[in-house]
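Peer 1: Chains as they are written, first to last, in numbering that gives the first Met the number 0: chain X, 0 to 359; chain P, 0 to 316; chain U, 0 to 376.
Careful, some of the hints might be misleading.
So the derived label-pair ranges between C-beta atoms look like this [unchecked claim]:
1. P/Leu58 - X/Glu200: 44 to 52 Å
2. X/Thr53 - U/Glu346: 50 to 58 Å
3. P/Ala87 - X/Lys234: 26 to 34 Å
4. P/Val146 - U/Gly256: 22 to 30 Å
5. X/Trp32 - P/Arg312: 40 to 48 Å
6. P/Pro109 - X/Val338: 47 to 55 Å
7. X/Val256 - P/Leu58: 44 to 52 Å
8. P/Pro141 - U/Glu349: 33 to 41 Å
9. U/Gly256 - X/Ala114: 28 to 36 Å
By construction, these hints were calculated from the structure, which means they are not laboratory data.
Even for Gly, the Cβ is constructed at its ideal location relative to N, Cα and C.
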Amino acid sequence: MTPPPDSTVATRPQRSIFAQEGGGGALPGWAPWGALVGSLIFCGAVEAALGWFTIALMLVFGALVGIVAVYAWSRAVEGRRRAKDRAITMGIAAAFALSMAPLISLLYEVVKRGAAGLSWEFFTSDARGVVGGGGAEQAIVGTLVITGCAVVISVPIGIMAAIYMNEYGRGPLRRALTFFVDVMTGIPSIVAGLFAYALFELFFGPGIRMGIMGSLALSVLMIPIVIRSAEEVLKIVPNHLREASYALGTPKWKTIVKVVLPTAFAGLVTGVMIATARIIGETAPLLVTTGVVDTTNWNPFSGRMQNLAVYAYNEYRSPGVMKQASYDRAWAAALVLIVIVMLLNVIARLVYRHYKTEMR
Amino acid sequence: MARFDTTTNAGQLLAAASGGRRRRGDRVFSNIAVVAAVTILALLVGVAVFLVTEGFPALTASASELPKQQSFIEYVAPLAFGTVLAAALATVIAVPLAVAVALFITHIAPPRIALTLGFFVDMLAAIPSIVYGLWGIFVLGPAAVPVMRWLEEKLGWIPIFEGPASITGRTMLVVGLVLAVMILPIVSAVAREVFSQTPRKLQEGAQALGATRWEMIRTTVLPFGRSSVISGAMLGLGRALGETMAVAIILSVSGGVTFNLISQANPSTIAANIALNFPESSGLTINLLIATGLVLFAITLATNFLARLIIARSQPQ
Amino acid sequence: MSSSRWLAVFAAACVLVFGLAACGGSGSSGSSSGEGSGESEGGGAPSTEASGEIAGAGSTAQQAAQEAWIAEFENANGGATISYDAVGSGGGREQFIAGGVAYGASDTPLSESEGELGKAIKRCEPGELVEVPNYISPIAIIYNLPGVEELKLEPETLAKIFNQEIENWNDPEIAKENPEVELPETRIVPVNRSDESGTTENFTDYLSKVAPSVWTHEVSGEWPVKGGEAASGTSGVVEAVSAGEGAIGYADASQAGELGIAKIKVGSDWAEPSPEAAAKVLDLSKEDPELEKGSKDVIAFEIDRKTESSGTYPIVLVSSLIGCTKYKSASEAELVKSYFEYATSPEGQELAAEAAGSAPLSSKLSAKVAAAVAAIE
Chain X
0 MTPPPDSTVA
10 TRPQRSIFAQ
20 EGGGGALPGW
30 APWGALVGSL
40 IFCGAVEAAL
50 GWFTIALMLV
60 FGALVGIVAV
70 YAWSRAVEGR
80 RRAKDRAITM
90 GIAAAFALSM
100 APLISLLYEV
110 VKRGAAGLSW
120 EFFTSDARGV
130 VGGGGAEQAI
140 VGTLVITGCA
150 VVISVPIGIM
160 AAIYMNEYGR
170 GPLRRALTFF
180 VDVMTGIPSI
190 VAGLFAYALF
200 ELFFGPGIRM
210 GIMGSLALSV
220 LMIPIVIRSA
230 EEVLKIVPNH
240 LREASYALGT
250 PKWKTIVKVV
260 LPTAFAGLVT
270 GVMIATARII
280 GETAPLLVTT
290 GVVDTTNWNP
300 FSGRMQNLAV
310 YAYNEYRSPG
320 VMKQASYDRA
330 WAAALVLIVI
340 VMLLNVIARL
350 VYRHYKTEMR
Chain P
0 MARFDTTTNA
10 GQLLAAASGG
20 RRRRGDRVFS
30 NIAVVAAVTI
40 LALLVGVAVF
50 LVTEGFPALT
60 ASASELPKQQ
70 SFIEYVAPLA
80 FGTVLAAALA
90 TVIAVPLAVA
100 VALFITHIAP
110 PRIALTLGFF
120 VDMLAAIPSI
130 VYGLWGIFVL
140 GPAAVPVMRW
150 LEEKLGWIPI
160 FEGPASITGR
170 TMLVVGLVLA
180 VMILPIVSAV
190 AREVFSQTPR
200 KLQEGAQALG
210 ATRWEMIRTT
220 VLPFGRSSVI
230 SGAMLGLGRA
240 LGETMAVAII
250 LSVSGGVTFN
260 LISQANPSTI
270 AANIALNFPE
280 SSGLTINLLI
290 ATGLVLFAIT
300 LATNFLARLI
310 IARSQPQ
Chain U
0 MSSSRWLAVF
10 AAACVLVFGL
20 AACGGSGSSG
30 SSSGEGSGES
40 EGGGAPSTEA
50 SGEIAGAGST
60 AQQAAQEAWI
70 AEFENANGGA
80 TISYDAVGSG
90 GGREQFIAGG
100 VAYGASDTPL
110 SESEGELGKA
120 IKRCEPGELV
130 EVPNYISPIA
140 IIYNLPGVEE
150 LKLEPETLAK
160 IFNQEIENWN
170 DPEIAKENPE
180 VELPETRIVP
190 VNRSDESGTT
200 ENFTDYLSKV
210 APSVWTHEVS
220 GEWPVKGGEA
230 ASGTSGVVEA
240 VSAGEGAIGY
250 ADASQAGELG
260 IAKIKVGSDW
270 AEPSPEAAAK
280 VLDLSKEDPE
290 LEKGSKDVIA
300 FEIDRKTESS
310 GTYPIVLVSS
320 LIGCTKYKSA
330 SEAELVKSYF
340 EYATSPEGQE
350 LAAEAAGSAP
360 LSSKLSAKVA
370 AAVAAIE
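One chain only, chain X, in its complex shape:
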């Protein structure tokens, strides 16, 4: 057995898998930032000189050059492994920044365009009896009701199914179920809508439109996501927690309810959040199931119901003569939708923080 390595620049064990090579010094703390800023300036100057200047190009090249610069500098001073670590860490940070760029762009656009269409009236009155204007209250209420019903349907079924697959399922049946759930994630949203419509048409005749039909279509889309993320989270709950519980004589169901679920609770909430966010903005299935109406309707079991996504789509598609006003309303509806999801997310985060237990 080789002695454990120590951090001073003395003897290094030859057979450790993390053998040190060369270097041994350390870069100053400001090094990565300094290199980044330096390379941004450098690239910007080069571009300006060549006449190609754009911010996006400067950022991209600046980041690349910065990473290379840090690697070279660190390699000379600290050694190959440290250099690689630094370069890759910067690369990951750059990838993160790149991924955030679309989000910033999207939010900027929606807020900018949506703010124009917002007004107190937007929230408090519906569009009944108003030509080319009116509020969107019917859409807001509809979205909340339809999504609420979809969550009420999907979450219990989804989580129980995940529990079945994880805690009770045996071999082939469980594998088959996982497989089919994956297939469900690929159902196009409009097919889910058509399916829900066909189902209700069987019982209620043609032309039927109800809020709950939309909820059913959305559930078909939501359930697989809930199941997959719940399953992943339940799988990670360490077995020794379960075994400890059984050793104490707790029945299986109680173990699940009192040990496994609370441990996985935070992850389950995240999964439900992702699934809800996914379906709340769905347009295609609702177009064919819930209908379009300009009166507020709180009852999902009778009559047509408007919702924000379809409302936005309609305003964009058929703007009428006052085109800009309709577009403004469409963006405003999208903005309200995003704010609703943000709120739900915030609530979920609070719950998460409160209940997150660390697993060994």
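Take the given structure of chain X and dock chains P and U to it, following the hints.
Peer 2: Below, chains P and U without anything else, positioned relative to chain X:
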């Protein structure tokens, strides 16, 4: 029935032997779980039955009865190609980025802001698909036009950049990018969850041996999370295969099977095609569209099957 | 307070605001004749108040107009609730035939191609089928050529452009009709609809009739030529043309906005899309006996695309309302009748022109339509 002290091993055995009260609780609970699982299967079977019964007339119709006198295969092939192309493009772009994002949040960013960062990434999932569509048309498309022109000029000899570059930017490349942004939060959420649950023992062990942060991640976090990340990627891929509105709004659909990513002549995807044509269609055309939905179903089945194979093969145990 | 407390307060405040807003508005059915922009003064309401609930479905082209009619109608008849699903003409016809909706709206008249005409007649038994044009919309040829203020196109040239036979703007064939204009060398990008649409069907119908040697494709709602730029919806086409220099497309004239509109040769004139010109085409067109099948309340035209009269613009979309003379319940019939009467009345047509940019029915046609609608019991 006698009560036994179930905190001891002996008590447990005796209680079990006497068929005590908890048997019922267990049975009820497991029955509920089974019912839930069966409901899922029933839903799925329902959708499959719907697709088959409604699609059947189109599958069996001869080419002369179908619109444009094309056989069903001729009609669906370019659509299937477009679907797979767009989804593959999106997944290839999104998964590495999602892993990087997840790593950043769980291992690199300061813990205090990590949760907030995660919140922002999840926000991407909150944005409705029509907004992505409009963003693609108004923002990303026009921004991509100069990039596509450059690609056509410098790299036009590669088939995927053959061009001529679209003047509005509503191409397969842009659709792939938009889809990638849409599925990023899904994959990253799953990855984040699993990366943050990597056992401390493993991570600390690597660090104790003198590993740098990246080496620790490479040897402990990534292998631990590998199969979950693939599952997350499957979730994302499923979403990309079935995405309807964004593709329908953005893509300039006027072509057939082609790998050219930057032109205006693109094949449609199955889901977008249904959305675009369903409203005005009647009779046999509706059956035709639903039959393409059935094909998409089959494609999703096949991709998932393949993925399962890959995961199973790569498991060391 | 800790940050999670702040978050909680923020969340609670938002919930409160939304809740108040929701409660405040929930009693608003029938009461708001509110302040939205573009609202027109109430007018043209039928004299007796109708009540009840009916649903209609169909053409997306009529959507804006239907919304306007419904709003005004509901204003005048507080007890009536009408809803309109713009699922598309095909869906509208299907739902009407199946009995799922009380009335339909379709860009193409019912025909025997899928047996729809026969099925619709059957649906209305023991009453009769009613089909009347109620929405006329000129289709403009929009283009994006900075610096080119006026563009004149002959029908054959137009057909060749959209058939991708002419590739550049400075092609001699276009230049010959536009001698005063400096045409650039830019590539022509024809923009068409990617979704199936009545606009496409009417435009291709026009092209196939005026330039049969060039346009040999089948007339349908799906654009037949591959390789152009395809966009979804009228807004999509308008946006695509706006975004690309050298683009040319076809769309509802009311949506053209700032884009240039081409003048098309009709006879010896260069015609521009206008409500009067569009309505006049219908007056000159003959009714199609194949589509009417002897039902006296069905008015279906074979639009005269080849007309050469001055003051006409033959690239139009004509959309119709579909109903029955008898319904299961008398109140349903009465509501349908009142609504149809309103929509086709001069006031209703003016409203649609204002709200959706359509062309009002000419007085000659209006009289015919009123007679057909009067047959509803």
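Peer 1: Compare the structure with each hint and give your call.
Peer 2: Against the structure, the hints come out as follows:
Between P/Leu58 and X/Glu200 the beta carbon distance is about 22 Å. The supplied range of 44 to 52 Å is therefore violated. A C-beta distance of roughly 55 Å is found between X/Thr53 and U/Glu346, which places it inside the suggested range of 50 to 58 Å. The hint said 26 to 34 Å for the Cβ distance between P/Ala87 and X/Lys234, and at roughly 27 Å that hint holds. For the pair P/Val146 and U/Gly256, the supplied restraint of 22 to 30 Å holds, since their beta-carbon distance comes to about 28 Å.
Hint check: X/Trp32 to P/Arg312, Cβ distance near 43 Å, so the stated range 40 to 48 Å holds. Distance hint check for P/Pro109 and X/Val338: the Cβ-Cβ separation is about 28 Å, which falls outside the suggested range of 47 to 55 Å. Between X/Val256 and P/Leu58 the C-beta distance comes to about 47 Å, which sits within the given range of 44 to 52 Å. Checked against the given bound of 33 to 41 Å, the beta carbons of P/Pro141 and U/Glu349, roughly 38 Å apart, stay inside it.
A hinted range of 28 to 36 Å is violated for the C-beta pair U/Gly256 and X/Ala114, which are about 22 Å apart.
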